[in-house]
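Since chain A is already given, all that's left is putting chain B on it; use the hints.
The primary structure of each chain is shown beneath.
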Amino acid sequence: MTADDDRSRLARALGDVAKGDRAALQTVYRQTSAKLLGVCLRILEDRSEAEDVLQETYITVWNRAGAFDPERGLSPITWLATIARNKAIDRLRSTARGKSARPLEDAVEVADDAPPADLALEGSQTAAQLQRCLGELEPKHALAVRTAFFEGVTYERLAERMGAPVGTMKSWIRRSLQRLRTCLEAA
Amino acid sequence: MSEEPPIGPDEAQDEDLFAAEYALGVLDAAQRAAAEARAAADPAFAEAVLWWTIRFSPLLALVPEVEPSEALWLRIEAATARRSDPPIPPPPEPANDVAPRGLGVWRAWAVGASAVAAAAVLFIGLRFAAPGAGPSAILPSSAGGPTLVATLNLKESGAAAVTVAYDPVRSTIYAAPDAEFSIPKARAAELWLIPADGKPRALGVIDPAKPATMPMPPEFRTLARQKAQVALSIEPAGGSTTGAPTGPVIAGGAFVEI
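Chains A and B supply the protein sequences, listed in that same order. Here this note's numbering is used: the first residue of the first sequence is 1, the next is one more, and so on. Here this note's numbering is used: the first residue of the second sequence is 1001, the next is one more, and so on.
Rather than coming from a laboratory, the hints here were simulated on the basis of the structure. A portion of the hints provided could be inaccurate.
Negatives, chain A to chain B, calculated, CB over 12 angstroms [claimed, not checked]:
no., residue
1, 4
2, 8
3, 30
4, 163
Okay, the calculated beta carbon distance ranges per label pair [unchecked claim]:
no., chain 1, residue 1, chain 2, residue 2, range
5, B, 1070, A, 23, 14 to 20 angstroms
6, A, 124, B, 1198, 55 to 61 angstroms
7, B, 1244, A, 95, 44 to 50 angstroms
8, B, 1182, A, 135, 47 to 53 angstroms
We treat Cβ as the ideally placed atom computed from N, Cα and C, and that holds for glycine.
Okay, chain A solo, but in the shape it has when bound:
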C-alpha cells in the first residue's frame, strides 16, 4: 500500500468519526496509535503518562474530528501527531520534574539511521526540502533543532542537555529557524 492510500483512507475515516462512527475511530486508532505513542513517549519518557496523553488525544479526535480539514495542507497523520505532541508538551511543562539526562546521541541516531524513504509523512518533497535545509545548518545547530523537536524541551533544558549557556542555545535555535525559513521558502 502506498502512502497516498494510507493518507486518503485515514482522511475518510476521520470524516466518518466526525459523523459519530465509532468503528471509524477504532480504524483511526489502529492505524495511528503506535506512531502517536512513539511521539508522546519520546517527550514524556513515561509510558503510563504517554498513554494518558494518547487517551486524551483520541477523545479530542472523537469530539472534534470535524475540525480536520485536508484543504489546510496537513496530512491526517500530521494533524493527529501534532495534537498528541502539543498535549504531551503541555503535560511535560505542567509537571515540575525535569527530564532524565539521556545522552544526546539518541537524537543523532534517530535522525541519521532512518532511511530517506521514511521521511515521507507530508510527501517526499517536503521531506527532501527539510533534509536539505537542515543539512545546510552547522551540524551542532541542526542537532539542537532536531532534539528540541523530538524531546519537546524548553530552551533551558535543551541548554543543559547540550552543555551550552541558555543564551547561546537561544541564538543557535533562532538563527537556525531564520535560516530554515529562508531555505524552505526558496525551495
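Relative to chain A, chain B alone:
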C-alpha cells in the same frame, strides 16, 4: 543584544520566529499559552504556526513506533461512550450560556472567515479551543493594547488549572479551565485580579467544566497592566459576598502581555 525573547514582538519576522518556536516546542508554559492565545486572535500568526508545523512534520516519520497496551483502546472506547455519544457535530457553535456578550461577532468570525481555519485546525483540544467555545474566534484581533494572558497553576501540584486572557478591545475576560481542574461540590471557584497593591478584586465565578467570558470592570483595566496576578479561590456557591477571598486560594499566575 538581549537574550530574553520578546513575547509580543512587533516585527513580522519576530512574529514568525515566535510561531516557529511554538511549532518546534521550545517555549515554556506561559509562552505556549501566549502563543495559543495569539493564534486564536490572529489568523496570520495561526497560519505561520501551520506553515512551520507542516515543514517540521517529516521529522515525525523518524520517531519509532511503539505499540500501546491492549487496555488503552478499551479505556478510550469507554471514555468516548460515556462523555459524548454522539460527538459534537461540526462546525462548532459557541454555546449561548458561555458567551452572552458579543456572540454575534464571534459567530460571524467562526462561520465567515476561512483565514481563521488554521487556528481551528491546529489548536483543537487546547485551552483556547475548548469544545463549544468557538475555537477560531475566541479572541478577536487586538487593536487596543496587548492581550494579557495568565496561566493559573494549582498550588498543590503545579498543574495548569485555568488559562485566563484579558482582551482589551472587548474589555472581556476569557477563562478556559484545563483538564486537571476540579472543585468540591456545592462550592464555587472565583477569579481574582491582584494588582501591585496586593488587594484582590473580584472578576467573577467560573465553571470548572467550561470556558467562560465575563466583562472586565473598567476600573480594573489599568490595574491589570501593573504586574498583576490572577488567583482562583474556593468560595461558597455564588461567590464571595465580602468582596475578598474567603476560602483557600488554590491556583495563581501572573498576567503577561502577548
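Checked against the structure, which of the hints given earlier come out wrong?
3, 7
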